[in-house]
Amino acid sequence: MPLCGFNEQMLNGLELFHEGLASNKIIDRFNNNKLEELERD
Amino acid sequence: MPFCGFDKNMLEGIRLFHKGLIEHGIIEHSRKKNQMVDETINKEIKDMERFQKELSAIEDLEIRELIRTLTEYACAFYKLLQREGIKDYEKLIEKINNLYFEMDDKFYSELEGKPDDMKQLAIYMNELSKS
Chain A
1 MPLCGFNEQM LNGLELFHEG LASNKIIDRF NNNKLEELER D
Chain B
1001 MPFCGFDKNM LEGIRLFHKG LIEHGIIEHS RKKNQMVDET INKEIKDMER
1051 FQKELSAIED LEIRELIRTL TEYACAFYKL LQREGIKDYE KLIEKINNLY
1101 FEMDDKFYSE LEGKPDDMKQ LAIYMNELSK S
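Protein sequence lines correspond, in order, to chains A and B. Each residue of the first sequence is one higher than the one before, starting from 1 at the first, in my numbering. Each residue of the second sequence is one higher than the one before, starting from 1001 at the first, in my numbering.
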């Protein structure tokens, strides 16, 4: 938070969370769609 | 989140964030300022509410939205901490992680694609938070 004072642990936590949001659903979904496209071809 | 699918990294990230909010944001600050935990929590909540009133000055809409929701999240977390008490905060952190995990699991393993899936999930959250 701006005002409670971020420490390194909190920033690491947010980094893991953001990475998970992007890779877990967005990139995985993109890769799955690509695989399906390749299988159809 | 209900529908993004929590993985282990994300749950660990949330755990670290919650831990920091309590240990750094509240316990350390209370010690440094020599004040009661409740006073520190109230001060943090008030500061974040004051900050939220100024957020329209942030020009980037997406960044503004991230900051707004993150401060709202922290405020909600601190209010829950006030209600539950700081004594067993490790248990509280574990409880919230379990809540998120169960919410996600319920959706993906049982409800996804069913009519009223979101409504059922919201109702299920009541059962979870009572247990």
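To be clear, the hints were calculated from the coordinates, so they are not data collected in a lab. Each residue gets a CB set at the ideal place from its N, CA and C atoms; glycine is no exception. Hints should not be assumed to be uniformly reliable.
With the Cβ distance kept under 8 Å, some of the chain A side facing chain B (calculated, not the full set) [as the list claims (entries may be wrong)]: (1) N7; (2) Q9; (3) N12; (4) E37.
Consistency of the hints with the structure:
no.: 1; hint: N7; verdict: holds (4 Å)
no.: 2; hint: Q9; verdict: holds (4 Å)
no.: 3; hint: N12; verdict: holds (6 Å)
no.: 4; hint: E37; verdict: violated (22 Å)
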